[in-house]
Amino acid sequence: MVPVYLRSILLGICAVTLASASGYAAPVEYVRVCDIFGAGFYYVPGTETCLNAATGQTRIATAGGTIVADSALKAEIDQAMEDAQRALEGVAVALAMPTARVASGKTYGAAFNLAVFEGKVAVGAGAAMKIDDTFSLDGAAAIGLQHGTVGVKLGLTGRW
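Counting with mature numbering (1 follows the signal peptide of the UniProt record, and there is no 0), you get residues -25 to -1, 1 to 135 for the letters of the sequence shown.
Calculated pairs, DSSO-like style, for lysine-lysine (alpha carbon to alpha carbon, straight line, at most 30 Å):
#1 K81 - K128
#2 K105 - K81
#3 K128 - K105
Note that these hints are calculated values from the structure, not bench results.
Kindly generate the complete structure, drawing on both the sequences and the hints.
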């Protein structure tokens, strides 16, 4: 007869062994050579997509033919799209920059704007200061809220 405490220890060891046996790592899929498109291509692990590491070109064989993609071209397209989004935000920034004016008999002026252009939002603030009876100085800054595009301006106004 096995003592109770020894049975508990044996059952615990069995439980730990069974629990750890199910935790072994899954088999790894190694990189396979993709020779259907020529030298230099290999399969992207877990897919049927072939990649040429030297050129960045990807190819996929389908029933309708081969799909060829150039990851360098995709990167350039992505950059162009990002630049276009920043340009749209730049328009919103320009619209948000106010021109502050100094009212007659006053020394300072301030202005604030909010602008939206093609879904891009920007906020801006400006200030002006009377230098003398002829000149006043004004400036403004604005920032886009999506990409952080910043614009500033400085102006000098003369009156006579």
